[in-house]
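2 protein chains.
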Amino acid sequence: MTDVDVVVVGAGLAGLSAARDILAAGRSALVLEARDRVGGRVLNDVTADGTVVEVGGQWIGPTQDRLDKLAHDLGVEQYPTYNEGDNVLVYRGRRTRYRGAIPKMPPHVLVSIGLGQARLDRMARDVPLHAPWAAAKAADWDSMSVETWIRRNVPTDGAKEMFRLGVTSVFSAEACDISLLHFLFYSHSGGLLDRLFNVADGAQERRFVGGSQVIATRLADRLGSDAVRLDAPVRAVAQDDDGVTVGDVRAQRVIVAVPPTLAGRIEYQPVLPAQRDQLTQRMPMGSVIKVMCVYDEPFWRADGFTGQGTSDEGPVQITFDNSPPSGPPGVLLGFIEGRAARQLGGQPRDVRRRAVVECFSRFFGPRAEHPREYIERDWSGEEWSRGCYGAFMAPGVLSQYGPALRHPCGRIHWAGTETAELWCGYMDGAVRSGERAAAEVLPLLR
Amino acid sequence: MTDVDVVVVGAGLAGLSAARDILAAGRSALVLEARDRVGGRVLNDVTADGTVVEVGGQWIGPTQDRLDKLAHDLGVEQYPTYNEGDNVLVYRGRRTRYRGAIPKMPPHVLVSIGLGQARLDRMARDVPLHAPWAAAKAADWDSMSVETWIRRNVPTDGAKEMFRLGVTSVFSAEACDISLLHFLFYSHSGGLLDRLFNVADGAQERRFVGGSQVIATRLADRLGSDAVRLDAPVRAVAQDDDGVTVGDVRAQRVIVAVPPTLAGRIEYQPVLPAQRDQLTQRMPMGSVIKVMCVYDEPFWRADGFTGQGTSDEGPVQITFDNSPPSGPPGVLLGFIEGRAARQLGGQPRDVRRRAVVECFSRFFGPRAEHPREYIERDWSGEEWSRGCYGAFMAPGVLSQYGPALRHPCGRIHWAGTETAELWCGYMDGAVRSGERAAAEVLPLLR
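Same order as they appear, the protein sequences are chains E and Z.
Heads up: the first sequence at position 394 corresponds to 393 in numbering that gives the first Met the number 0, and the numbers run straight through without jumps.
Heads up: the second sequence at position 258 corresponds to 257 in numbering that gives the first Met the number 0, and the numbers run straight through without jumps.
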């Protein structure tokens, strides 16, 4: 048996951050990771020519202070997401270019987008981050899907579509899947809608030199090789009056830092309270396939484009320039999200590649037709994630089960970005959740 | 290693029915059951004086032909649910008695209940049972919660409350939790709303002599002691080109006959397709505590009551006479469902008992105040059920993931009442699902 003060399940940013704080307080910690790598939903890949690209979470933006501090402490540099030139909108089959955040759409559509967004932001501010279920209108907002709200409150078809696309791009789930209350909480948690959607002054503002996963790998290196055990899936957690047993590890406390749906598959002895188990039955992961095409050059830059595209037509409805800081090669990034990810996920790789290239060409012209490389990652198929970006809640869940999300069950404490009050669902939220869980556990240690 | 043609996971009515058909075809089968008993969500208990009462699924009604045939084959007799006299309605603090299905409520409330129910029934008929996602309005109906439909289509507060209560009494979940499409499918599956709600000509029409669990125990006895292994939880299922391995059992095929949320916790090698895993992330169980009070006599009968009560006030909003066929003792049955089950589930037993007795007294007067015994079963706390009566779907799930519900994954086949086209969620549906899975597997055996 290995004996430590705290055992941590999951070596994503949440688990690693928790372990760092436990160790920094002079206590012992061991992180058990199912995969053969650290980082969880944060993952680097490399192109044929050795360029690092991020196939998981990748950006950092304003107010993501805990992630910023962590990167800084680890010496990981940041650089701005490429954002010079015009954006592209493909709408009703027509391609237009525009500068800044407001696409060229009919004025009545723009007006109803603006009014709708202002209303959603106002409502979001009324959702307390530490207790969304205590919002004055919690029951009302949790009784409906976001889709219901859109249909009822957004008068034009074009604006309806843009809201749906916005929701899907944030949750990788459809507007019909998500509770309005959870959507409002999530939006408030990340600083309201503009911040979630945007590059400039938004959640997609900056990137990490070397790819975001270096934060996780460097952090794991700092913890030391004794503190992280790879290829160590946790299937069972037992607790008694004295401590917890996780495989061959004995500890005073355990921090479970994996997505709710994975936490719910662990066998707990004794059985967890019904409220907690039923919560994890009700927090499914979104569905997303992250796709990239590699070109000799970021040719769209020469044409005056940022590489950011938005379309009412899929399967790729959102793109970004994901080229390395050096410039070449040019990397176009797209997301296949929600329903589209479910439909294309079961198809052969070639079918997806063709569909992606077609979308990229629609945005950026014929030069996009012949990438020298295609890279993809379907997170729904990952045994140790089961979807991305994160978990969402259907109607009825947050107001009725919310309090079980962070509430410890005896010696079991819960981390993971889904438990964060600020930047829930983002890398920054993951770091915060690990820090919160460590702070929760430390005073309880003997 | 034990070698059989088919291994079945779960000895509820679904798994046992599947095994029966496999054996009847001259093939070998072994049922692995996690609990120390068969029956799953069907369970007998006994009062202090030895009276059998059902603390799980218990009734049978018209068109539940497969359950009816099974009971008949096993020599299990049926008797009518006690239904003589008046029903009780407690509404806005006032108690009224009424005969038949229509309570004494203000006429405009009754009218909007009637109109609403007729509309829901009409819509339900348009949901194809074998493929609910193919309904012409599937996307529309799956975009909203039942609560949204109620708010939009039921004009009076009283009728709204009655619809919510009706939904909760069928699903043990709140109207805000459930997709309208799933609700309509479920209602169609059971023969429309009146049939789901009623005793006379409804799903609560008859009971089984000896308690419903005798069907499962006798069926298991018929299969023989070699065919059912108790205390044998299945944590992993591996399949290869030749067959499946489940613990120390090797078989050609496996039928997984447990609720989706439990099926989703099994470790499959190789990993299941994302579509299937994400489905089981999205089929949570309802929340219900079944409660009974035992009295010397069914005293309400002498007062001219059926024992059936309905109230807008909880925690027990629905009651039935659950006395044994002999008459004494008198057993009053109540359900604590949905939100109420979540709130009371974590409380001490005494708190629940007091709340239940108070509700029973509100319905049937002071003689209900002093039961000689109190019996309860909180299904959400059961490790091998994780809730009852069954799984439901939030908005977005049935239309996007429905096809994965029954679709076999290689050598893995799916049973359980949640997979039934007829009487989904009921004992009859469980039997049907087992029979369907066996019929699916048999022609595939070498």
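It should be emphasised that the hints constitute simulated quantities derived from the structure, not laboratory data.
Treat the hints loosely; a few may be bogus.
[What the hints assert, rightly or not] Label-pair restraints from in silico Cβ distances:
#	chain 1	residue 1	chain 2	residue 2	range
1	Z	PRO79	E	ARG118	49 to 59 Å
2	E	TRP383	Z	PRO79	52 to 62 Å
3	Z	ASP2	E	ASP72	22 to 32 Å
[As the list claims (entries may be wrong)] To give an idea of the interface, some chain Z residues facing chain E are shown, with a C-beta separation under 8 Å as derived from the structure:
#	residue
4	PRO283
5	SER379
6	GLY386
[Claimed, not checked] When the alpha-carbon atoms are kept at most 30 Å apart in a straight line, the in silico DSSO-like pairs for lysine-lysine are as follows:
#	chain 1	residue 1	chain 2	residue 2
7	Z	LYS159	E	LYS136
8	E	LYS159	Z	LYS136
9	Z	LYS68	E	LYS159
Just so you know, even glycine gets a beta-carbon here, dropped at the ideal spot from N, CA and C.
Hints and how they fare:
no., hint, result
1, PRO79(Z) / ARG118(E): 49 to 59 Å, "55 Å, holds"
2, TRP383(E) / PRO79(Z): 52 to 62 Å, "53 Å, holds"
3, ASP2(Z) / ASP72(E): 22 to 32 Å, "58 Å, violated"
4, PRO283, "4 Å, holds"
5, SER379, "4 Å, holds"
6, GLY386, "6 Å, holds"
7, LYS159(Z) / LYS136(E), "19 Å, holds"
8, LYS159(E) / LYS136(Z), "19 Å, holds"
9, LYS68(Z) / LYS159(E), "52 Å, violated"
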